[in-house]
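*Asks:* Count the sequence shown with this note's numbering and you get residues -5 to 350, in order.
The hints are simulated quantities; they were obtained by calculation from the structure and are not laboratory data. One or more hints might be untrue.
[Said to hold, decoys possible] Here are the simulated EDC-like pairs of lysine to aspartate or glutamate, each with C-alpha atoms no more than 16 Å apart in a straight line:
hint, residue 1, residue 2
1, Lys305, Glu316
2, Lys305, Glu334
3, Lys305, Glu331
4, Lys68, Asp122
5, Lys68, Glu50
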Amino acid sequence: MRRVSTVLIIGAGDLGERFAAGLAAAGQVDRLVLVSRSGAAEAAAAIASSYDCVVESVAADARQPSEVTRLIFKADPALIVLSASGRGPYALADRDDEAARAIGAAGFALRLPYNLPVPMAVMQAVIDAGWEGPVANVSFPDVTGPVLARLGLAPTVGLGNVAMILLRARSVLRARDPEAELPLLRVLAHHSQLNGVRQSRLPDDPAARARVYIGEDGILDDTLAYQAPPLTPDPQRSNFATAASSIPVLHALLAGAAPLRWSTPSPHGLPGGYPVRIDQGEVTLDLPPGLTEEQAVRFNQQQALADGVEKIDPDGTVHFTETVREAVAGIDPGLAEPLEISDLAARADRLDAALL
């Protein structure tokens, strides 16, 4: 009897639904389990009614490792997808008050207390369950990945961000010659560079540009990703692009899938995004000739400064930059103090209080 292929999607918001719909539409998954704190019965019914795939809804608190461990034993998944956070990246998009402006200006790393708890709990559950399958994380993977790696809890790979930059670069080449076969593109970039790419704002400083390497020889073009038409920031379109860039990765992580050469955030907990090869669920770096892993990591660590990350200690403590400290000095200087793992819940409460 054939083993049913199940994907466990933790977080059933808009992006989680898009992941589920993309997987169901491709016909390579037999069963999807959508997990959220209140359940996702309507989303599950809509997807099941649209595609030839069993879709189930489960209510669980993914911040509790014990609940996730039970889910893993019950679902027996081939893949786990993390798509949950305390506040989404666009939570402040419609606000123009002092606190929202300050926190927005500080860099996205200040919101780590919203992004770390679920991935941390799920990865602890994975270890507790003795489960050895792949885990893909879309919750600020460029920074949550290296923090989790310090704790021995790194997901297999991240989703979105550098992969979205890859698709932008591909679109430029496709528009130039729709009939030509696209060459291999390998992208080295950090989450902090994504908005500039999507708005087609080429940094004056070449060191701050997303790096696109063309062909097997890896010819560098640091302007290519910025040449597509600019996109106005919009949550729905951003989620559309995130899902589109992620579905090939999710497919490639499943057993029996064809190898994929792509670019993804945080493979095995590295900071930022890298070119990778995914083969039989294994993710390895696919760097262009002449670029070492040490050089690639150093590049992404430098770009992390723009997200507000000065450094990450061996115990996972995150130190913020001076820019972060200056941004929140007028609302709550304590928000920019080094963020210890044991302080995540209290710091999230503090952020909530500042944003009231």
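*Asks:* Is the straight-line distance between the alpha-carbon of Lys305 and that of Glu334 16 Å or less?
*Replies:* 12 Å, holds
*Asks:* Would you check the hint for Lys305 and Glu331, treating anything up to 16 Å between C-alpha atoms as holding?
*Replies:* The given pair, whose Cα atoms are some 13 Å apart, holds under the 16 Å limit.
*Asks:* Need the status of pair Lys305, Glu316: alpha-carbon distance at most 16 Å?
*Replies:* Given that 16 Å is the threshold and the Cα spacing comes to 12 Å, the pair holds.
*Asks:* Does the structure keep Lys68 and Asp122 at a Cα separation of 16 Å or less?
*Replies:* 14 Å, holds
*Asks:* Can the restraint linking Lys68 and Glu50 be considered satisfied, given a maximum Cα separation of 16 Å?
*Replies:* The hint holds at about 12 Å.
Checked against the numbered hints above, the structure violates none of them.
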